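Starting from the known structure of chain A, fit chains B, C and D onto it as the hints suggest.
Number of protein chains: 4
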Amino acid sequence: MNDKVEELWCVRMTCDDQTGVVAEFTSALARDGWNILDAQQHTDQSSGRFFMRLEVHHASTGERALEETLLPAARRVNAEVEWFAQSRKPRVAILASKTTHCVVDLLERWRTGELPCEVVCIVANHEHIGVHASWYDVPFHHVPFHPSNSEAFAAIEGMLSQHRVDLTVLARFMQIMPAELVAQHEDRMLNIHHSFLPSFAGAKPYQQAHQKGVKLVGATCHYVTAELDQGPILEQEVVRVSHRDGPEELRRKGRVCEREALARGVKLHLEGRVFVHGQKTVVFP
Amino acid sequence: MNDKVEELWCVRMTCDDQTGVVAEFTSALARDGWNILDAQQHTDQSSGRFFMRLEVHHASTGERALEETLLPAARRVNAEVEWFAQSRKPRVAILASKTTHCVVDLLERWRTGELPCEVVCIVANHEHIGVHASWYDVPFHHVPFHPSNSEAFAAIEGMLSQHRVDLTVLARFMQIMPAELVAQHEDRMLNIHHSFLPSFAGAKPYQQAHQKGVKLVGATCHYVTAELDQGPILEQEVVRVSHRDGPEELRRKGRVCEREALARGVKLHLEGRVFVHGQKTVVFP
Amino acid sequence: MNDKVEELWCVRMTCDDQTGVVAEFTSALARDGWNILDAQQHTDQSSGRFFMRLEVHHASTGERALEETLLPAARRVNAEVEWFAQSRKPRVAILASKTTHCVVDLLERWRTGELPCEVVCIVANHEHIGVHASWYDVPFHHVPFHPSNSEAFAAIEGMLSQHRVDLTVLARFMQIMPAELVAQHEDRMLNIHHSFLPSFAGAKPYQQAHQKGVKLVGATCHYVTAELDQGPILEQEVVRVSHRDGPEELRRKGRVCEREALARGVKLHLEGRVFVHGQKTVVFP
Amino acid sequence: MNDKVEELWCVRMTCDDQTGVVAEFTSALARDGWNILDAQQHTDQSSGRFFMRLEVHHASTGERALEETLLPAARRVNAEVEWFAQSRKPRVAILASKTTHCVVDLLERWRTGELPCEVVCIVANHEHIGVHASWYDVPFHHVPFHPSNSEAFAAIEGMLSQHRVDLTVLARFMQIMPAELVAQHEDRMLNIHHSFLPSFAGAKPYQQAHQKGVKLVGATCHYVTAELDQGPILEQEVVRVSHRDGPEELRRKGRVCEREALARGVKLHLEGRVFVHGQKTVVFP
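Protein chains in written order, with this note's numbering: chain A, 49 to 333; chain B, 49 to 333; chain C, 49 to 333; chain D, 49 to 333.
So here's chain A without its partners, still in its complex pose:
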């Protein structure tokens, strides 16, 4: 229990839409002396599902009191509710392969305080990523994928478990995750795909984009699901290209989109701003 005074709390809630939901929570909070600093809500019209994110603060009490305020309110409207202190640091693992631009960007943003998390390990199937891990003083694990994929994934599973990882970030990790591992990390595993999905899913998207002759290339940050490159989209970014740009130039220009969409996606997730709702996401800015 975190009963630190001066803590800010993030409250996330979802339930079926009904009259009085907002009042139920905000009244309970007000009655018990909690100040609401920020509130965002959304009702999905097609499913009738309601989502709310609050930032609250109390002058003299902490988590135990918050729980006592929220749980009865949640019961009354049959809501799922969760909360966390804004000072908490979720434990993040980064998985990488060869390219370093996303890894370095995440590490640098983390180091400068932009990403509210603890990077607890970097796992890669290429050894040279170890240098960057050592720069930022993060434990590094090299997991070779030859001769055996299944052994490699067993090792990764072990490490995510051993490091008690809250969020796994595939920072241009070029191996297809096995379904069981994905299932274990449902809504807690983010990938960056190097195209503006749903265009150019699968292998070599910049090659595909070059062949098609598109005038913008992009990148997509999405939750990992069993189906490759089909998980709920969290963030996307694009950049203008031209006939002058060969596949190598597309790759270079796209890198900027990749690291940007991934970093923004990771930050949104860490701050509790994303609700996965079926195949889609609700993202409170």
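Incorrect hints may have been included.
Identical copies go unnamed one by one, so any copy, or any two together, can satisfy a pair.
As the list claims (entries may be wrong) - Below, in silico cross-link-like pairs of lysine to any residue (SDA-like), each with a Cα-Cα straight-line distance of 25 Å or less:
| # | residue 1 | residue 2 |
| --- | --- | --- |
| 1 | 301 | 290 |
| 2 | 146 | 207 |
| 3 | 260 | 246 |
| 4 | 315 | 300 |
| 5 | 315 | 139 |
| 6 | 301 | 162 |
| 7 | 315 | 209 |
| 8 | 328 | 215 |
| 9 | 315 | 62 |
| 10 | 301 | 325 |
None of these hints come from the bench; they were simulated from the model.
Quick caveat: nothing in here was measured; it's all calculated off a predicted structure.
The following block gives chains B, C and D in isolation, referenced to the frame of chain A:
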């Protein structure tokens, strides 16, 4: 009083920040059977001012009931509150000079239902705008600025008053508004300036931009205040340019920004999404 | 023959890449007294094809002289060459269905001199577009698609031929063009598709985009080929959207991309800046 | 002299506009067996100055031959001409203060081959930048600005000279350069300013932007001149912000623009794509 059932209502509220404000309003609404469809709020940290916009709906009652719900709540937290039916149509006047791109864009968006308003008149100091007014079946008033500016502004003032105008849109109207007229229409008069303010305020911004050699040009939609091009900014847009673009090309590329920033600004204002707060705005998307 | 002095000429040339091509043309032009005001070139590395666009001017002569300069040079390097006076006005037909935003935007840009062409007719399968045609004083033809598509397309074919159309612009024309008609207008028929292709080809792209939950929607201007929505892409545009945007909001936000991508595409084509090269385009800005 | 066969060469040329300039150079190149792979040119209408950048290649010869081809042509049209092998590595110094995002981005892009240069030293008035220098194995010099600015600048001048620096990059270096040092490095010293210039020149631009309430913030890469933040602009970038963003959030969002505009500017300069022309730049993409 609009007591139409099935009406959606927009509620706008502002007060000093304090614990329990959101609860005060949402509880009163819930108690009286109002469903909250959308809620956005913001606290300005430096001034301690709180802003909230709600969209609410009641299955069986209307404005009189809403007023009875809101006013006591507002009194308790010393808030300013206002509300309007989303089906209302504010009365809009468009003021123009020579160029037509903003006028045509506003009229076309209005005709296709994108702008929730009534365009009640177009006033211009060039006669040829009358053609567009007739196309869209809007009363047109030609007000020549020669020989006398003061007579022209008196005529404009008369027309805005006679047409009971709620919002005046300066759609590239190239005359400087007198202070008294501005004061009468405080927070209800929008201008589009053809630069990314605060850069290039005043005359000939594209010429200024060309001389400076900027790599992006833009446009700014702002409320009109007594000081030229200095009012609270509502919306801005930019577009990339290059050394190939002379002043005429900047003007052409900028036109797209102008009409876009102006149309978005007008729509945001009409939907009650903008709060003017000192020299700045709070804009709920 | 246009032998007007003070005319500017656009020269377009393509051939297999080889040493001396640029020199061949620029020397011939210099020798004969032509000044080069602008030059852009591109070599497609995979095909070895070379493309060049020049803007040239002569103080005292015109088209006949230009031809005499260019043809021998073209013969020597086995190039295809064409040229046109920048004052020429290609004859453009606009095909439309129900929505008017692209039609109005094209007409307004044309009226204000932004599009160097003559709009010679508007053809639509909905009668109400006729109003806009009359505003801009353009002949209008209503072609009903019931009961018979083939009769309708025969009528359209007749009209494009009768009006001696150089470029046909499908401004949200919602009928699939028959292959023969497409073949007759190869590289001279532009379409705007209301998605960021190759995502969401075919029917109801905004509905598809909403279901997928993408965070950006877009529009694509492409040449029409026999395969639906698969022709060479000329221009694309995107805009940011969020979970708040239902299909209707995506449609509204997307409209701005559509008219922008289409108008830019039409302008690029009219100014001779586009070379179709297989499934792709070379676009000189 | 670099007489390596298979080298690509970049040729930069500027002269007063006149008939036959392009032919003069391209003919000489063709006659001597040089193939032109890329060509871009621009005539500044107001000054009548002509600029051209070529990429050329010869199957069997090198720099001495290129010089013999270019110099006579340049003499005939009174042009300034320069050339460099695309494999050359200009010597770059990075100057920094406290913030690391631009430094890390430049170093990482350099390490991955995106920036064609040699980073020969990093100079900073804060010691902690030394860590990053050591990561990327670049000599680091700590130059304290207390008690004496003039000694510090004397030290910097010495280092730039000792390292024979071709380009100096101020990567958020927060000290005002003395005029003599600027003069020594005319057109060879790049700065990133953390605003969309000419808005918010000088100190604390994010604070200024927050006070003004702009809806976009940006960054500007420009050549350093004697007048603070007024040098020729090379590249700019902006990002959308809202009333939710306090000065700290503007700073965070703006950082992405800063590193992007700076990296693009440095790359454009290194590739010889920029001509400074009075207060402005010509940039060939």
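List of violated hint numbers, smallest to largest: none
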